[in-house]
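Take the two lone chains, each set in its own frame, and fit them into one complex as the hints suggest.
Top to bottom, those sequences are chains D and A. One rule links them: number in my numbering = place in the first sequence (from 1) + 32. One rule links them: number in my numbering = place in the second sequence (from 1) + 2.
Treat the hints with care, as some may be off.
To be verified - Part of the chain A face toward chain D, derived, beta carbon under 7 Å:
1) F32
2) K162
3) K164
4) V165
5) A166
What the hints assert, rightly or not - Residues of chain A placed beyond 10 Å of chain D at every Cβ, according to the derived structure:
6) A39
7) E62
8) A64
9) T71
10) R74
11) H144
12) L167
Stated by the list, open to error - Covered, in the sense of this in silico footprint (three residues per stretch, anywhere, with C-beta under 8 Å from a C-beta of chain D), are these stretches of chain A:
13) 21–31
14) 40–50
15) 128–141
Hint data in this document are derived by calculation from the structure and do not stem from the laboratory. Glycine is no exception: its CB is placed at the ideal position from the N, C-alpha and C atoms.
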Amino acid sequence: MNCLDVRRALGAGPGDRAAELDAHLAGCPACARYAADMARLEATIRRALEVPVPAAGARRLAPRPAAAHPSRPRTRWLALAASLVGVVVLSATFWALYPREALATALVGHMAHEPNSRQRVDAPVPPGALAYVLQRSGVALDAGAPLVSYAQSCWFRGWFVPHLVVQTPDGPMTVMVLPHERVQAPTMVDEGGYRVMIVPAARGSIAVLTEGPVAAASIEAIVSRVAAAVRFTG
Amino acid sequence: MSDSVSPQAEHARFEALCGQLRPDLYRFAFWLARDRAVADDVVQDTLLRAWRSFGSLGDEAAARPWLLTIARREFARRFERKTFETVDVDDLAELEDPALAAQDSQEVLEMRAAIFALEADYREPLVLQVLMGYTTDEIATHMELTPGAVLTRLFRARQKLKVALLGGGEEP
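Same shape as in the complex, but just chain A (with noise of 0.2 Å):
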């Protein structure tokens, strides 16, 4: 990045760039958290340490996986310093925003109220598939395991995700 460039040129560059990309970053902090007001928080955290280090992001094209990548630290973070109490998920489901509820099936409710109760381990790789369209090698880099290691979750994911909904047992 040169010294040419002014500060508010590149804030507006970095806003243009991060608020095209805000709806990915907040869904996916939203399922890392399974709470608006700390995937609010996240996001905002994430976004002003994405800006402190904007001149270390080269490409442009590589934004939404080093948000991404940042979102997931600060969540970790903020689990570091937070003990966050076990959550019902049978409540959670309950907890969605009535006009959502309005718009989406009931099958819809049921899968989301699945997704809750997936372990974490689980439903990130599933989120970055399902929502980010990350391949399998992109969320082995991500979440620092391997190849394997990923369609192994994604194939459990699934699993439970269909057991919860139509029943029967897993595959083996």
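Isolated chain D (complex conformation) (with noise of 0.2 Å):
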């Protein structure tokens, strides 16, 4: 095994080491250098690639089984299609008839997502992952808006959304600018624990929500903030 095949076969990591390459390490300095950078760079590597896991959160795993289960026999995935068409159409009439409630819904179920993104905190997000955040969903956002803590790129119903959380004297709250989503009227909900506020924007709307009982008061001077600082570029 010479230097080269040596440098090969620890560039291709740490996988299956041969004898012959340790053999080559002890009597090779020049080598054994390339090996001891190669294994920082490696230990390098796991950590940038051990990114945090989210809590699974209010999302089950998988739907609770309840005449359906992958062995069962046929007349129990009839069962299963026929009841997915009910959920379909039952979700249909629910989605045309309280598109607003429904929105608050997901809205709140979006939330289990992001679990530590809540938190009072006086630091920026910094202006580049801002500024990616809203450039990517043609957003831009003026002087004048609570300071944002956090801004993330969130998949929501179809698009990729600002998910921001800005610092308020009454906590943090977190809004996301709906480009997509069009209401007729300003909107509060209570759901699930959360206090949502959704109004028009001049494209699409813009949802503010807390957690707790927030003054109504509180979330419309901070949606009338957010709204006169959000501007549509895209």
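What follows is the structure in structure tokens.
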């Protein structure tokens, strides 16, 4: 095994390591240094890959089985198909009749994805990260908006949308800018422990969510500030 | 799987098994998608599909490769359905969770940005090897490649990361 073979083997990772590789390293200081460098690189790669895993939150790993089960006879599958048709019909009816409530429900459901975002912090999110999140959805935020401590581009009902957390005197509030979700009039809904206010915007709508009993007037004040600061550029 | 097992018991078994593997599944999906929201959706779609075919999983020890294979297909399906935007890697690196950025050293953050920039062909085998502990042969099976092609990609991936972090040229 020559130096080139050794470096190729080391570069392919810490897999099956041949005895002759170790023998070469024992007698070749240059390759030994190279191996040490690669070991350090390997440790950094591992730490970089180990991104934090969000909590499973309110979402179940899989729907609870009713009559349906993977290995059940065909009649069970027919029952499942029928129930799914029923669910689709009911869902469509619900969404058609109660679009704002359905939107609020979806927003509250989305909160489970970012459990650590709603913390009271003083530090603003890095400007580059905020700009990326906004620009990705064709949105800009003028001065006058509350301090944004969290920004994420979230997949919500078929679109990437800005998911922000702003710091207010009443604590952190979540702001979702929804260019593709139109509402006819401002609405406030209490659901799942959240108070959700959704207002029409120049394009789509803007939603603000708070946890716990925050006064409606406080939410309205923040919604007004955010709505005045949001511009749609895309 | 016997019909004598109740659906509730089977579901509990599924949840216990997949709950244990969820961190691996999420990280694998994250590095495929390079987007937390998409990764979360891929995980959910994967688990739903896995539950539907849970009966076909014989040995629980095979659950992880089984789930990762499903996740790979689910991600491919999404990619077929949606045209993803071109992602600016410099922006992506800044997108890190502030809490994570605070915990990690600058070197780790730079490495993460470099991994973001790797082509998927190099990133995926690297994730499978380093995070999932796959052997070369297992990666080859998962990615439908020859072992030799896997080794080449792993070597090239590390060379690119080394150059991105330390500078210099790639080894021949």
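Now for the hints, and whether the structure bears them out:
1. F32: 6 Å, holds
2. K162: 10 Å, violated
3. K164: 6 Å, holds
4. V165: It is violated, given that the least Cβ distance between V165 (chain A) and chain D is near 11 Å, above 7 Å.
5. A166: Constraint on A166 (chain A) not satisfied, violated at 11 Å.
6. A39: Answer for A39 (chain A): violated, closest chain D Cβ roughly 4 Å.
7. E62: 15 Å, holds
8. A64: Per Cβ check, A64 (chain A) is outside 10 Å of chain D; nearest 16 Å; holds.
9. T71: 17 Å, holds
10. R74: 17 Å, holds
11. H144: Non-interface label on H144 (chain A) holds, nearest chain D Cβ at 15 Å vs cutoff 10 Å.
12. L167: Non-interface label fails for L167 (chain A): nearest chain D Cβ at 7 Å, not farther than 10 Å.
13. 21–31: The restraint on the stretch 21–31 of chain A holds, since 5 of its residues have a Cβ under 8 Å from chain D and three suffice.
14. 40–50: The restraint on the stretch 40–50 of chain A holds, since 6 of its residues have a Cβ under 8 Å from chain D and three suffice.
15. 128–141: This one holds; 7 residues, not fewer than the three required, reach chain D with a Cβ under 8 Å.
Hint compliance for this structure: hints 2, 4, 5, 6, 12 are broken, all remaining hints hold.
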